[in-house]
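Residue numbers (the numbering used here), protein chains in the order written: chain Z, 1 to 176; chain F, 1 to 179.
Calculated from the structure, these hints are not laboratory results.
Note that this is a predicted model, so its numbers are computed, not measured.
Where a beta carbon is used, it is the ideal one built from N, C-alpha and C, also for glycine.
Hints are supplied without guarantee of correctness; some may be wrong.
Beyond 12 angstroms from chain F on every Cβ pair, some chain Z residues (computed) [stated by the list, open to error]:
hint, residue
1, I42
2, H81
3, S134
4, Q144
Derived SDA-like pairs: lysine to any residue, alpha-carbon spacing no greater than 25 angstroms straight-line [said to hold, decoys possible]:
hint, chain 1, residue 1, chain 2, residue 2
5, Z, K68, Z, G44
6, Z, K174, Z, K115
7, Z, K68, F, D31
8, F, K128, Z, A38
9, Z, K77, Z, A131
10, F, K128, Z, S108
11, Z, K115, F, D31
12, Z, K115, F, A95
13, Z, K77, F, A95
14, Z, K20, Z, K77
15, Z, K68, Z, V148
16, Z, K68, F, E170
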Amino acid sequence: MPSEFSYVVWGAKTPITTNKLFQMSENDQYAYELATSASQGIIGWRESTADHNVTASYTTINGFTLTKTIPSDRLLKVHFHCSTLQGSTTGNCRIQVRITVDGTMFASREADVEKNYKRSLDDVEAIIGVAGGSHTFVAETRYQVGGVGTPSVRADANQPMQFWIEDVGAFVSKDT
Amino acid sequence: MAYSYVTWKNRTPLSSASFTQMSDNDQELSDIADPLPQGVRAWISNPDDQWTQDVDAAYDQYLNFYLPDVYIPASRLTLVRQTFSTLMCSLGYVATKARIKVHIDGTMVASRETTILGGKKSSMDSIKVIRNLTEGLHTFHTEIGIFQPNGLAAVSFRNDPGQPGQLSVEDKGAYIATG
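Okay, chain Z solo, but in the shape it has when bound:
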């Protein structure tokens, strides 16, 4: 990256010089590299306004699959948010929500939900770096114990569940 931006002054009768033109090109290069390495924001998202019934095996939550072509050397934050977990009508249960990339889990949360209770589930989210190319991200859920009685991940038009991928900037290594 160029060392720094430097404003180029063009006063009356300022001669056009190689140095000034060079600095203008350097300034453009500086701004270009800043802009392209910055966070690009949300690059994909899904929303559902319907409940999702939780079963014993993992199922994709209401179509929450996102396949995106990711440039190389980027960091992503993948995020699942829901309103509430609804417990079973017949007994206590444990509900797990996880996020996978290309079939491999990289983020998860679990919550025990008492019979007939409602529980807030903290968002499932993680930062991940992936190789450049196409990748598929999926939000899934299952119950681990005591799921008879149809526990669910709840949503409606006024409290949707959402799943999104955010570009959070150029790749940096994990700080060890």
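For this one, chain Z is given, so just place chain F on it according to the hints.
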């Protein structure tokens, strides 16, 4: 149009092509920068002590989480987020459900609810929602309430200067359709 570094070596002649490329570069920079996330557009951090909400009381609106007249440009994705430190159900009561709602222009757009046992504290993750709002001024606010108690109940929605609740409105970049 694509960005391309313009070289000005010694004796590089001034040319229409070079100046055109520099203008094209400026246009490309503008096109790249415009959709980038713009960060937090508005926020309020409330360090006031807890609010106690009794069962059967109307939902307590506004609190101090009230952001009127926030300008949102067209075709942007906006993330609205509300946090609270802790919820606590009064000692001696069995359990109740507590809910926090977030509204935009008077319409609920997000909520969270949870069951709290008597005498227990419970955390509730932040309430979030992404929206594509029309261009113009919008009002954001939060309300709280409790319902379906098992026994009489009151719930404290706790904040203090060291653990404030916050309502924020954040630009997450140019609008893209779901999928």
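Just pull the numbers of the violated hints for me, sorted ascending. Numbers 1, 2, 6, 11, 13, 14 and 15, in rising order.
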